[in-house]
Each structure stands twice: as structure tokens, then as C-alpha cells.
Amino acid sequence: MTLSEASSADDRLLVRYLLGHLSDAQAERFDRSSIEDDDFADRLRLIEQELVDGYVRRTLPAELMASVERHYAASPRRLHRIKNAEAFLDAIDRVAGPAEASEADAVEPGTPGSDRRRTFTRLLVLAAAIVVAVSAAVIVSRGAFGGRQNEPAMRAANGTAAPNPMSSQKASPLPATTAPRDPGRSRIRNIAAAVALVLPPQTRGFQSIPTMAAPAADRAVVIVMQLDADDGPYQATLKHPSSNRALWRDDWRWPSNYKDVLSLTVEIPQGLLKAQRYWLEVAGRRSTGQPEVVATYVFEVEQR
Amino acid sequence: MLRQEVFREEPTLTHFAFGQLLNWLDDGDNSHGERYIEIRRRLVAYFERRNRPDPDSLADETLNRIARTLQVEGVIATRPPARYCYVVARFVLLEDYRRVRKHVRLRETALNPGSGPRPVAIVTGEDAALRRERRLNCLDRCLEALRPDQRELVVDYYRDAKRQKLDRRRALASRLGITMNALGIRVFRIRDGLMACIERCGAQCAADLSER
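Protein chains in written order, with this note's numbering: chain F, 1 to 304; chain P, 1 to 212.
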């Protein structure tokens with residue numbers, strides 16, 4: 001049984017119950033069964049685990065992913081359960097072998113150009129991961145030896161794949177990104193061409209601002225922000241520094257981890273960045289569930 | 001005097017009362033405490049789904065009340081026992097809702113600067129890496145501690161291969177001669193044990209580290 005297969009109406013009802021979407025009367029009936037009925041209790045537990053695993057594996061439909069984030073992950077205990085599932089499935093993947101794990105990233109088979117996109121995605125993610133690791137090394141070595149003013153730990157990697165009609169949407173002010181995309185590796189999926197920029201943590205005292213050349217209008221920008229804390233999920237908001245106006249807001253996402261360097265990866269839609277300075281504000285969640293800004297990253301876009 | 005803050009009754013149970021509770025929950029079988037653990041787990045999940053901040057305490061409160069009733073009355077007519085557990089749990093839930101409402105009102109009137117929301121806890125990268133490493137070591141150790149057939153079953157069941165997952169699970173169920181549901185429950189129980197092992201291992205590692 002997997003939730004992505006949406007096996008039966010009963011199971012879907014159980015999912016709605018777990019996410020708090022049933023009426024009071026219905027929920028009370030389920031409450032009663034969850035304690036009185038052995039079979040029901042077992043099934044419910046199983047469905048809950050499948051829900052959590054599906055969330056961790058990013059195999060749930062978009063609306064379920066969002067609902068899990070909004071309702072289920074709002075409780076610290078359940079968040080802990082999600083983290084446990086992440087660790088568990090990570091261990092299973094390592095035991096089962098790398099070939100299996102990478103299948104989760106696969107683009108739907110039969111899609112025109114899917115192989116090329118998949119190859120590009122992997123290259124891009126690999127590039128971003130390497131850049132994160134290299135930047136971390138630069139930060140550590142410079143931090144250790146003190147001395148000169150730090151240069152921005154920034155690298156750009158230009159994509160080379162053909163334009164993708166699926167990524168042709170123009171960014172509008174504060175577009176409501178409703179469909180959650182996968183964090184880290186599996187998320188950067190439909191980008192035909194992108195520029196990657198790595199931003200070090202602002203707390204490390206960088207004097208100069210990471211700068212990038214203005215991207216072409218058909219290029220999305222992937223920004224990797226290194227994080228100090230692992231208390232995700234986080235949400236990034238792109239802001240205009242002088243007006244503090246929000247220009248674009250990402251979904252809530254979990255940070256990814258490459259060789260113990262934590263990072264949050266966002267994909268800024270094509271056509272949004274002009275030649276000027278920007279802020280990326282990263283918000284975490286307080287224990288009450290309220291968002292709170294935990295880090296701010298500044299970067300600059302220069303005229304080509 | 002404000003009594004609503006101590007709405008919970010005396011939580012301690014005598015050894016005898018606890019034994020009575022175990023017998024009553026077993027309802028004629030001897031589960032060696034398994035039934036108690038199972039019912040408690042269901043109660044915790046129930047209070048958790050109802051978004052109570054401390055579901056463990058409410059589950060304990062429910063079972064303690066039942067034990068006291070058994071001690072005083074000697075018998076509880078409602079059957080099966082799980083049904084009565086739900087009835088009591090519902091009362092405990094309603095009382096908890098009421099108690100929280102009263103506390104909120106008191107808090108709203110009090111000028112207590114320390115009662116605001118807690119900021120997000122900041123964990124240093126080093127701490128997080130250490131914790132993650134410790135956890136992965138525990139996972140490996142606990143997976144190794146499983147019987148080979150259990151380990152194989154868990155790995156086969158949960159390994160991620162989107163398109164083949166369902167087929168593989170079907171094949172597993174057919175090989176074992178059980179339904180998919182039964183397979184899911186069997187594997188889930190192994191996983192549950194695994195997670196308990198990891199918790200124990202993590203606590204042990206933390207204790208070892210603090211002793212150094």
C-alpha cells in the first residue's frame with residue numbers, strides 16, 4: 001500500500017482524518033475506532049507512517065504535501081516523527097544501494113527530453129553541491145587564518161541544456177507558489193538553464209557582497225544559502241532592500257545536507273532578477289508555529 | 001483558591017491497582033503488559049491528533065483514573081475494556097480543553113514578559129552534525145541487531161523504487177502468504193522496534209558523551 005497510489009476511498013478518508021480535515025462528528029467516530037478497534041488502529045498507524053514516508057520521499061501529491069506541512073508538521077512531536085522517518089529512510093537507502101535511492105528523482109518516464117533534463121538536473125545539483133563544499137572549505141580556511149578581507153564565496157555554473165517549454169512562466173510580484181517542490185537534489189527539476197550562486201552565512205562577517213552577472217531573461221537562478229542551524233523547515237523571501245518589499249516568496253522547505261554543510265536551495269524564477277541589490281530573508285518556525293526571520297542574505301546582480 | 005490548575009488527581013498507583021488494571025485490559029488473556037502498552041499508545045495518538053501539548057500525561061491520566069475506578073468499584077461493566085478507555089479519554093480531553101481555556105484567560109490578564117513565544121532554538125552546525133552522525137551510527141547498529149530475515153524484510157519493504165515499490169510489496173506479501181495489510185503491519189512493528197532501539201542507543205551515546 002502506498003499513498004501515492006491512492007489505494008482506496010477508506011484510506012483517503014483516514015488520511016483526511018490524520019490531517020484534521022474531517023467534520024467533528026466524523027472525527028469522533030474515527031477517534032472511537034482508533035482506540036476500540038484493533039484492526040482500525042493498526043490500519044491507521046500504517047497509513048500515518050505511509051503519509052510521513054511519502055512526505056519524506058516527496059511522493060505525495062502536491063496538495064497532500066502542502067497539507068502535511070500546514071497541519072501535520074505543525075506539532076513538534078510529529079515533526080520529530082518526520083525527522084525520524086527521514087533518518088530511517090536514509091539508512092534504508094544506504095543499505096539498499098545508491099541505484100534505488102536515485103529513482104526518487106526520476107522525471108516521469110516517456111516525457112520528451114526527460115533523460116536530458118534528468119542528466120542536466122543531476123549535473124546542476126552536483127555542481128551546486130560541490131560549490132557548497134568548496135565554499136565551506138574556503139570559509140573554514142579563511143576563518144582559521146584570519147587576515148585579509150574575505151572575497152565572496154561565490155561560483156557561477158551556467159547550464160547548457162536546451163530551453164524547456166515547461167519552465168516558461170514569468171514571475172509575477174509575490175507569486176503564490178502552491179505546488180511544493182522537492183528540496184535539494186530532487187527539486188531542481190524543470191529548469192532548462194540556470195545560474196547557481198552560493199551565499200555563505202551572514203554571521204561569518206563577510207565584508208563584500210556576493211555578486212553575479214544579470215541572468216538572461218530565460219534563465220532561472222538557483223541560490224544555495226548555507227545555514228548554521230538545522231531546525232527546518234525554512235522559507236525564503238526575496239526582498240527589495242530599500243523598500244523591504246517582498247518580490248517573491250518560496251515554499252517552506254527542508255534544508256539539505258552535503259558532507260555536513262547544511263544549505264537551503266531556492267530557485268528564483270526567470271526574469272525576476274534585475275541589476276540591483278537584493279535580500280533573501282530566511283524564516284524558521286518558532287515553537288508556536290509562528291514564522292521568525294533567522295537569517296538574511298544579501299547579494300547583488302550586476303549589469304552584464 | 002485557584003483549584004483548576006491541579007485538576008488532575010493524585011497520579012500514583014499502588015502496585016496492586018496497576019496489576020488490576022493490567023488484568024482488566026487483558027480481558028482474560030495474559031499479554032504480559034503488551035495490551036497496556038498498546039492501549040496507552042493509542043491514547044497518546046488520540047490526544048496528539050487532538051493537538052494536546054502533552055498527550056503522554058493525558059494518556060497516563062486516563063489509565064490512572066480507570067485503575068482507581070477498578071480499585072474502588074472492583075469491576076467495570078463496560079466491555080470491551082478499550083471502549084471504556086475511550087469514554088474516560090474523552091472526559092480527560094474535555095477537561096484539558098477547559099483547563100487550557102482558563103489558563104489562557106489568566107495569561108492574557110497577567111503581565112508576564114517571560115510567557116511570550118520561545119524563539120527558534122539555534123543549534124550550531126557542529127552540534128547538528130554530531131547529532132546526525134550519532135543517529136546514523138545508531139541506525140546502522142540497530143539494523144544490524146535485527147534478525148537477518150527481519151532486516152531483509154524491512155529493507156525490501158521500505159527501499160525507494162517508485163515504480164516497482166508496489167509490485168515488490170505484493171511479491172513480498174505473496175511469498176510470505178499474507179495480505180498486503182498484514183505485511184504492512186508486520187513491517188511497521190519491526191520498524192517500531194527499530195526506532196525504539198535507536199532512541200535507546202541515542203540516549204546511551206549522549207550519556208557516554210556527557211560522562212567524558
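Watch out, some of these pointers could steer you wrong.
[Stated by the list, open to error] Some chain P residues flagged as far from chain F (calculated, every beta-carbon gap over 12 angstroms):
| no. | residue |
| --- | --- |
| 1 | W24 |
| 2 | L43 |
| 3 | N51 |
| 4 | P53 |
| 5 | T62 |
| 6 | R68 |
| 7 | L136 |
| 8 | G177 |
[Stated by the list, open to error] Examples of chain F residues toward chain P, derived with CB under 7 angstroms:
| no. | residue |
| --- | --- |
| 9 | A41 |
| 10 | A87 |
| 11 | L272 |
Worth flagging that the hints you see were computed from the coordinates, not collected in a lab. None of the values given here were measured: they were computed from a predicted structure. For each residue, glycine too, the CB sits at the ideal point set by N, CA and C.
Against the structure, the hints:
1. W24: Given that every Cβ of chain F is farther than 12 angstroms from that of W24 of chain P, nearest at about 15 angstroms, it holds.
2. L43: violated, 7 angstroms
3. N51: At about 7 angstroms from chain F, N51 of chain P fails to clear the 12 angstroms cut-off, so the statement is violated.
4. P53: With a cut-off of 12 angstroms, P53 of chain P comes too close to chain F, as the shortest Cβ separation is near 9 angstroms.
5. T62: violated, 10 angstroms
6. R68: holds, 19 angstroms
7. L136: About 7 angstroms separates L136 of chain P from the closest Cβ of chain F, which leaves it inside 12 angstroms; violated.
8. G177: holds, 18 angstroms
9. A41: holds, 5 angstroms
10. A87: holds, 5 angstroms
11. L272: Hint on L272 of chain F: violated, closest Cβ of chain P at ~28 angstroms, above 7 angstroms.
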